[in-house]
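Engineer: Protein chains in written order, with this note's numbering: chain A, 1 to 307; chain B, 1 to 342.
Don't read these hints as lab results, they were simulated from the structure. Please read these numbers as outputs of a predicted model, since none were measured by experiment.
Calculated lysine-lysine pairs in the DSBU-like style (CA-CA distance at most 30 Å, straight line):
| # | chain 1 | residue 1 | chain 2 | residue 2 |
| --- | --- | --- | --- | --- |
| 1 | A | 93 | A | 123 |
| 2 | A | 123 | B | 179 |
| 3 | B | 182 | A | 123 |
| 4 | A | 207 | B | 182 |
| 5 | B | 179 | A | 207 |
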Amino acid sequence: MNPAVSIVGLVKRYDRVVAVDGLDLTVRTGECLGLLGPNGAGKTTTIEILAGLLAPTAGEVRVLGRRWGEDDQALRSRLGVSLQESRFHERLKVAEVVSLFRSFYPRGRDVRSVIAEVGLEEKAASWTSRLSGGQRQRLALACALVGDPELLILDEPTTGLDPQARLHMGDTILGHRSLGRTVLLTTHYMEEAHRLCDRVAIIDRGKVIALGTPAELIATLGGDLVVEVELASGSVEDDAVRSVEGVRAVRRSNATILVTASEAHVTVPALLDLVRGHDAALSHLTLRHATLEDVYVSITGRHLRDA
Amino acid sequence: MRSPLAHLVLARLRESFRQPETIFWTFLFPALLAVALGIAFRGGRPDPSSVVVVPESGYVQLARSLGSDNAIRAEVLDRRTAELRLRTGRAALVVIPGNPLVYRFDPTRTESHLARAAVDAAIQRAAGRPDPVPVADERVTEPGSRYIDFLIPGLLGMNLMGGGLWGIGWSIVEMRIRKLLKLQLAAPMRRRDFLLSHILSRMVFVPLEVVPLLVLAGLLFDVSVKGSAVGLLVVVTAGAFSFAGLGTLLAARARTTQMIYGLINLFTLPMFVLSGVFFSTGRFPDALQPLIKALPLTALIDALRAVINDGASLLSLGPQFLVLGLWGVLSFAGTRTLFRWS
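Isolated chain A (complex conformation) (with noise of 0.2 Å):
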């Protein structure tokens, strides 16, 4: 099957600013693909370039089979996208506004059921001035919904959201993908991205840096499992670490010694004696899942929050 979007060395430049940088990428037809970096990392050019709003320094960029300037306004009415930061007309009414965006789609879904789809039909009759950021944020996704689209790009469509709304907006994208159609999404969440997306580019300064499925991507770390280690007295070495049974990597966050393990039962131990070997004193260990955070921290030695 043909991919839904192929992207080949793409290149933004503005004046000084490089903000996507030689970009390979190709999402699958029916795959949801999340592109996951730190905020400038590139992901909203790439999205607006995708969405044909922005035109690239260089590179190539097919999306559904189509390259942007030759039938554009046919190619936009198979995509439907929601871009960050934007406001829509505070004194319409929710069902108006999906109104206005289904009318500029040839074919697409019944307005109300898009509304219901995204839990807004109590709000239907409300200004969306008078919506909350969630329930905005849920406004955009039906507006991108409601023209049926075959790929749904989505920038940031859960951020500022409380846990429950990002849930339910998750489901809805999913529910979207179950009907083998094509969504590309944006985040810094590394928990969302995880859970909606089957495959995850991690994006560092314009490129892809990691491609795979979150399983393939935490795979890379050598193990699955992360021990954080604190001591409340005297000092290890990472050598020294690394050189414990069942260790894959080590890294350290401020006061906290990260090593990647995947047997738990296994390295627990031998950590436990090593710090006893060397006269230090623990005052705290924590054994959990790595995610795809400790992915991009091991490959950028910076964490997704302050990169």
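Based on the hints, put chain B in the right spot on chain A.
Structural biologist: Frame of chain A, contents of chain B only:
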């Protein structure tokens, strides 16, 4: 209803009518302005000339002869106070009795000349001067030739200009700032539909800007439209079209509200002064006249006055239609090439 254009027009109208500011600027403000100016410049006798007589010898006699003329309001005040009144504009003329009798006044003030003529006539007549030519005054106060008749078409023109530039220009820039323009283009809204929706929704507004003001002027001040309703409709539509074009052109590049605010003011303020809203364009030097005639607001107001006050036929308004048409067409052409869509 599925047409995107109809949806866009409807959205525009709903957005406008749900905004209290729109109601104020469209209906209330022009009505208040018309009422205020109508009262300020209502017909009737002009105020009497304020004259100060300085207490020199013979002033009692002189003041008495002035007092019997009700076009003159004379007061006796000392020299210093008299000078102060003259300087601050509270007195039009200072009269110093003596031989010769002296009139002190500022020659650049029209009312001073009026006061001088009235005072002199009263004094000379009291001294026994005969009036060899008999005269009779006819006072013209009939509707159609008063200041209010001149003013109402000016206010209409100003209203149509403001509605077009603010209504369209501001709304487009707001949508650009909100990234709504971008989102709707992605949606996929046609560019032509977007621009057309602004023009069409303007055309819905236009009768609302014109009819209530004319009705009010008719009821309160007896201002009537001498020309045909069709003629008025055609002139108003041409004006609205022209300013709709300018509104889109001014909004073509602006990315901030400060920018569009500045641009619209830069455009409208000179026209408020030059285009004859409140006073005749004839007050400006001849050298400026071609420029003034080429302004869209001048063309619109001239055409409105011709139809409303003089009952002129459309055929006589060729130059005005040419000016309005050119501004409209060139503005839309400029909009097409300059418009910042993303």
